[in-house]
Amino acid sequence: MASLTLKAITKRFGKVMALSRVDIEVKDGEFCVLLGPSGCGKSTLLNIIAGLIPQDQGTVLLDGQSVDSLAPRDRDIAMVFQSYALYPHMSVSQNLSFGLRMRGTPKPTIRESVQWVARLLGIEDLLDRKPRELSGGQRQRVAMGRALVRRPKLFLLDEPLSNLDARLRANVRLELKQMHHQIQGTMIYVTHDQVEAMTLGDKVVVMRDGKVHQIGPPEAIYSYPSNTFVATFIGSPEINLYRGMLVRKDGLPHFQGAGFSLNLGRLQIDLKEGEVEVGIRPEDIGTGQAESMDLRAKVEMISYVGSEKYIHARLGDEALTFCAPKDTALQPGNVVHVAVDPGRVHIFHKGRRI
Amino acid sequence: MSREHLETNIIRILRILGIIFFIIIVAFPFYWMIVSSFKSLEELLMRPANLWLDIRKINFNAYYEVLFEHGFSRYIANSTYVSIITVALSVTLATVGGYAVTRLRFRGQAFMSYSILIIYMFPAIVLVIPLYVVFSHMALRDSIHVLILVYLAQTLPVALYMLRSYFQTLPVEIEYAGLIDGCSRMGVIWRIIIPLSAPALASVALYTFMIAWNEFLFAFMFLDTPEKFTLSRGVVQLAGSVHLSKQLVMAASVMVTVPILVLFLFFERYLVRGLTSGAMKG
Chain A
1 MASLTLKAIT KRFGKVMALS RVDIEVKDGE FCVLLGPSGC GKSTLLNIIA GLIPQDQGTV
61 LLDGQSVDSL APRDRDIAMV FQSYALYPHM SVSQNLSFGL RMRGTPKPTI RESVQWVARL
121 LGIEDLLDRK PRELSGGQRQ RVAMGRALVR RPKLFLLDEP LSNLDARLRA NVRLELKQMH
181 HQIQGTMIYV THDQVEAMTL GDKVVVMRDG KVHQIGPPEA IYSYPSNTFV ATFIGSPEIN
241 LYRGMLVRKD GLPHFQGAGF SLNLGRLQID LKEGEVEVGI RPEDIGTGQA ESMDLRAKVE
301 MISYVGSEKY IHARLGDEAL TFCAPKDTAL QPGNVVHVAV DPGRVHIFHK GRRI
Chain B
1001 MSREHLETNI IRILRILGII FFIIIVAFPF YWMIVSSFKS LEELLMRPAN LWLDIRKINF
1061 NAYYEVLFEH GFSRYIANST YVSIITVALS VTLATVGGYA VTRLRFRGQA FMSYSILIIY
1121 MFPAIVLVIP LYVVFSHMAL RDSIHVLILV YLAQTLPVAL YMLRSYFQTL PVEIEYAGLI
1181 DGCSRMGVIW RIIIPLSAPA LASVALYTFM IAWNEFLFAF MFLDTPEKFT LSRGVVQLAG
1241 SVHLSKQLVM AASVMVTVPI LVLFLFFERY LVRGLTSGAM KG
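Respectively, the protein sequence lines represent chains A and B.
The first sequence begins at 1 in our numbering and counts up one residue at a time.
The second sequence begins at 1001 in our numbering and counts up one residue at a time.
Simulated from the structure, these hints should not be mistaken for laboratory data.
Every clue listed holds true.
Rough simulated footprint, nothing fancy, chain A against chain B, three-plus residues with beta-carbon under 8 Å:
#1 1170 to 1180
#2 1184 to 1195
If you anchor each label on the Cβ, the simulated ranges turn out as follows:
#3 Gly-306/A <-> Arg-1107/B: 56 to 66 Å
#4 Pro-106/A <-> Pro-1123/B: 54 to 64 Å
#5 Tyr-1114/B <-> Met-245/A: 57 to 67 Å
#6 Gln-115/A <-> Leu-1093/B: 36 to 46 Å
#7 Asp-128/A <-> Tyr-1081/B: 34 to 44 Å
#8 Tyr-1114/B <-> Lys-211/A: 30 to 40 Å
#9 Ser-1073/B <-> Pro-106/A: 45 to 55 Å
#10 Thr-1169/B <-> Arg-21/A: 35 to 45 Å
#11 Asn-171/A <-> Gly-1018/B: 54 to 64 Å
#12 Gly-136/A <-> Arg-1107/B: 38 to 48 Å
#13 Met-1186/B <-> Lys-350/A: 52 to 62 Å
Idealized CB from N, CA, C, for every residue including glycine.
Kindly produce the complete structure, drawing on both the sequences and the hints.
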């Protein structure tokens, strides 16, 4: 196992800036998730770490040693591809042992390793089959096995679950997390699925347009998004984000939005007046009938998601989404008083958190 | 009978008639060739319009004569040699070349990739005279190795083009997996690309073999010494020299045609089978 350091990685494809000065530090044994919308450069970054495509500038360090001049086979890494990329002309056991055979591992060791990984993944019965005789979930396991069997310094996983159906994906996600605990490997995991990122990652790197927007543990990314992109990209239902003016009333800062005003309280007392954006997570909004609640919203639509209900309402001229218990009596057309804990309001200036 | 029913029936009948028509056009000359090759000379002279072959009178003399008295055993060996060497070279070069223009990034890659077929803008008949002159001056003309060179030049563009198109359909992730698992580029080609490309390689080999085996124009122009003749050249020699013995020419023609036919039937299985299924998500 090893630590990974990326220093100022830059990559251009023609005129397109695929990656611009990406710095990431991954500790030994850490599960690091690269999260971003498609086209943000996360897969390119993974290919650069693997040595499959060269970066234009910057350095990749494994355990503090630069691997820039090493071919992919000499970097001691393993990769799981979104498409699995199993060798179609080889049986499962040949697929698993291919990397070891290429490295001249003695045959008894190869046999042991294949047995070990097949047991770990529960694919002992499939060893003699060809990839085309496997289901999607089984192929995914074989692809994982092919990476695990070599016990490399670093695992790279490129959206390994995106071709599985939703239920299977949730199961495999859990297994993956357990497996990470078990083998303590350093893993770089690329996904565009925020749920995967939040549940799996020790550390999440949010990327867009070839730039790193925020790095941190999932809780920090969720609770303290460093800009409006991260705030909107993470969280479901999406954060309520409003553009407006910060003004002072009676010495206290207020947010003046389109058709409503929000008291930001004493915690935000230092804020300067001017243009800002505020973000409020749907679950940070409380409802009630009390007079002290100064915001009134009109319910327009309700979506039921099982564990709770999402209320889509109108606040002034803006849309507002908030969560309500599943047994709520709210109906479309109702007017509710809503309140927000000022401490939970995210305030951004020109897109950046303040 | 409903109108739709009528239409389907008419279409069905037309289709059958069409198939019969083409079978007659294609198969009849072939049938005539085989039947004639088994007849004796008298039989052919006495009843030239007889379409049928009397099983009891099947006569292998024509084959014997052609093979051992008219030098065709030698021509078969020559043609086999030329064809096999051409196939081996063409498939090898097309594999590495096709891979290079598909996957590797180098200066002029796009140009290389698209200019492969330019050579096909020159018909053979335009090239044969200059090549005749050049090879004559170099004293290389009367040689089957020069023939191999020419056939290679003739088949390589299409071979490259076919393999390039096939390689482009192979998912690059499989190669990435191979590179990470410990292969060099050549290792990837040898252990992953070639096994997966078996159907394409079979088609290329078959195509090249057919060209080299059947080619006549260059063989006719370049070869003077009978010991160096290829089959097609030998057939023409025979047809030109033995005026009456039609059964000999037919027997020689059978020897030219049948190997290709057998090869095609044998390889046909490989041509259709796609090997990549199962590599990617299903």
